[in-house]
Amino acid sequence: MSAHEKYDVFIGLEIHIHLKTVSKMFCSCRAHYGDEPNTNVCPVCLGYPGTLPLLNERAMELGYHVARSLGCRIADRTSFVRKNYFYPDMPKNYQISQFEEPVGVEGLMEADLGDGGVRNIRIHDVHLEEDAGKMIHAGDVTLLDFNRAGYPLLEIVTEPDLRTGEETEAFLRDFQRLVRYLGVSDGNMDEGSMKCDANISINHPGKGLGTKVELKNMNSPRFVRLALNHEVIRHAEIIDAGGSLIQETRLWNENRDITESMRRKEEADDYRYFPEPDLPPFIPDDAFLARVEASMVELPLDKKRRLQAEYGLSPEQAEFIHDDVATLHLFEQTVRTGSSARNVAAWLSSDIRKLLNRENLSLADSPLSAARFSALLKLIEEGRISGKIAKKVLENIFSENSDPESIVEKEGWSQISNPVELALIVDKVIGANPEVAAAVRDGDMKQRGWLMGQVMRASDGKAAPELSGKILDEKLSTIV
Amino acid sequence: MSLISELWSGVLIEPGRREQYTRLVGEIDESIGSFLSFSLENPTGKPAGKGPLNGLPVAVKDNIAVEGRPLTCGSHILENLKAPYTATAVRRLEDAGAVVVGKTNMDEFGMGSSNEHSALGTTVNPWNKDRVPGGSSGGSAAAVAAGLVPLALGSDTGGSVRQPANFCGVYGLKPTYGSISRFGLTAYASSLEVIGALTRDIDLLETAFGVMAARDEKDQSSISADMISEDATHVVMLEVDDEILDAPVADAYKRTEGALKEAGYSVGKVSLPSLEMVVPAYYTIATAEASANLARYNGIRYGHSPDFSENPTELMRMARHEGFGDEVKLRILLGTYVLRSGFQDQYYVKAQKIRTLIRNELAGVFASCDLLLMPVFPTQAFLMGDAGMDDYKQRVADVFTCLANLTGLPALSVPTGIDGGLPTGVQFMAPAFGEKRLFKAARDLTDSFPLQTAPGALDIRSLS
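For the protein sequence lines, the chains are D and L, in the order given. My numbering puts the first residue of the first sequence at 1, with every later residue one more than the last. My numbering puts the first residue of the second sequence at 1001, with every later residue one more than the last.
Among these hints, one or two may not hold up.
Only pairs whose alpha carbons sit at most 27 angstroms apart, straight line, appear in this in silico BS3-like list of lysine-lysine [stated by the list, open to error]:
{"hint": "1", "chain 1": "L", "residue 1": "K1082", "chain 2": "L", "residue 2": "K1218"}
{"hint": "2", "chain 1": "L", "residue 1": "K1082", "chain 2": "D", "residue 2": "K134"}
{"hint": "3", "chain 1": "D", "residue 1": "K20", "chain 2": "L", "residue 2": "K1218"}
{"hint": "4", "chain 1": "D", "residue 1": "K428", "chain 2": "D", "residue 2": "K378"}
{"hint": "5", "chain 1": "D", "residue 1": "K392", "chain 2": "D", "residue 2": "K354"}
{"hint": "6", "chain 1": "D", "residue 1": "K265", "chain 2": "D", "residue 2": "K134"}
Since the hints were derived computationally from the structure, they do not count as laboratory data.
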């Protein structure tokens, strides 16, 4: 009997995302990755004496946007607290955060959990806070970079509604997709713009929550899955053996694929929360709330359903198209120009995807725009190029960064649809292969396909397929 | 322009008087110790503004940032720090023509009532050099009393402007919370403290306040509000047991009642039942906030750090161990204690409830009077060292001053003369944004209580 059959498992998450704002949470420094260390800093985010925080209202707006999108009850008054603990990379040695009056509470996120099906995961609360700097250990010195100090962070806390590592990984991918749809965060766990801590407990069926263990240091959804599954087994073994769990925080060691104890409950920091006296409570006005409403978008799962219902895409196509925001946007823009949705989806999920993979490009960085894509499809629909040529045109769009029409013109790839010209090519093919032609006349239709291939080859793939076939059939039936 | 501004306006411009001024400040302050740093050169090289304070020298308490100048807060831990920016209140004074000339001594991070808790120097009372100037803005009060500057900035968390002003015989204003930006004021207890001003001239005080008071977008707790009218006819006096006050203080308090009546005020009496809870509530909130506000000093980004440490955690511990004085450590520990989880209801939350209670009680008082009259401190300036007042008694004695901080209301300490060679004074408190009433009451008392000059003080008229 597996641990999951024997025990109820409860998994909850604390997800942090960096909000995409121009400036930091409480000062006007640039919030930007990858700059020289300690260049995006000022007296405020370095915690100089006498400085005061100044609320970035855009971050507040993004926070409300997420809370609202997660179906939270959004706050008509939200306030900040100081969370006190010492850490070398934290300039003030307290973090401005939210506690009793977060941006939103009691939400629900609909998520496709793979084998777990589509479920509603309860959101406990959504709150804003500031990030700390970064500590870099280099040999026997420790270096500090405060560029990240004061970045706006949004923390989303779920109820313990997840059951397995796999479900949790699927949930995180859904969540990443959600924040990218909303445009509030990059949601990259490897770049650190999204972080996830988990808490897990197991118990005998029907007994409710067990002893909670917190897990940290999981830098990808995959590590979250591995760490949780490792913990489920570890907990089950302890309970099986008649032991009991210790409430503690554990770190995932990705080199050893195990969790290791970091600190016990009694060693945990007492954060000594108290109201931040430097920031008055924030009370959103009508204009603010209207902006939040105006920024609401269709959520990923709704989008996926509509791709199937409205555009007739297969579940696989819909999954592929809705997964990535850039793909989705290209799809929607191209369809809007009148191209067939299923064609667009087919190209996106096969040839375009292959090319992107080969060139190691993201759609956003590729030379393929919606205008070029729909021009390409139009060339096919109008019979000016064959599907086969279209693939070559696509390659050239990528290699030359130019428009499909000019590629076709430059390369002389326009389809041959002049019946006289085609008849000459067909004659040549039949003349060169008399035995095959005879076999077709005797009813071997397989050989007809081969002859068609020869026609295409003789025309460098430019022969209009339908018309060429018709001429071929005519010739084969008339010449005795 | 007030008379005092006129007297001072040329001092920094004319080379002869400028040089004489610098020399005299050095000579006089050698025995007083009000300045931690003094320089007429503006380290930023920025030209002075023009306005109602043209050419007026200003001393600034060393916990308020002035770009390029030290910002020690009277502490070893910030002994070598230079401020990278200028406080909004100072900037506004500079824009109006004032010139910062130096930074004044103070109890470390504002924690004390005598200036004896400064880690960087001793300041004495210009009236009697065996006595303390008061605190924590003791350097600012002494500098003004000794005539070294016509105006000084201080900060008032629990009485830190009014009490030293009272000890040194000058005016000390604690304005309404939010009226003057705190941006640039080193935080000790953020929800209680404000930047205040000390001077010997009530007109100058009003001008300076008018220049500094404005909503500042860098301080979200600052407020732009209309000042209430200066009309004030009815004063109520806080009833105080005689044995609480030293005789000269009690006597000055009684004489003020008479002087007010003479000036045409009606004077009533009031008692505040929750007054006895004020000091515990004040120290609970102040130390709680201080424990967070002072956490940033860890020797990493600026300030004192140990010569060597094994790791960042040890570095922080040693920087704080070596850098902070005992009073600061005591208050940080107290604040950490009252904020512990599971104990907040007993201390911090209870203190906030008391704060609300007192606020309501005072709102009731001001419903039927224009001004509240109170003592500033139970004693006159006390002796320095062990012969003075013990630390515990000093904290208890904050009762009359910290009331204004808990409620956010404006208060002004007003000199009432000299008794036994030492200044006495009283304080007025007004409803929020009622500073004009405070200035008017002080002005109305000048006939009865003409301002006295400390022995050996610099007389600006003597410069030629």
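These are the hints, each one checked on the structure:
Straight-line distance between C-alpha atoms of K1082 (chain L) and K1218 (chain L) comes to about 20 angstroms, which keeps the hinted pair within the 27 angstroms bound. Simply put, K1082 (chain L) and K134 (chain D) have alpha-carbon atoms about 25 angstroms apart, close enough for the 27 angstroms limit, and the pair holds. In summary, the hint linking K20 (chain D) to K1218 (chain L) is supported, as the alpha carbons are separated by about 23 angstroms, within the 27 angstroms threshold. A distance of roughly 31 angstroms separates the Cα atoms of K428 (chain D) and K378 (chain D); the hinted pair therefore is violated under the 27 angstroms criterion.
Between the alpha carbons of K392 (chain D) and K354 (chain D) the distance comes to roughly 13 angstroms, so the proposed pair stays at or under 27 angstroms and holds. Restraint check for K265 (chain D) and K134 (chain D): satisfied, since their Cα atoms lie roughly 25 angstroms apart, inside the 27 angstroms limit.
The structure is inconsistent with hint 4 alone, although it conforms to all the rest.
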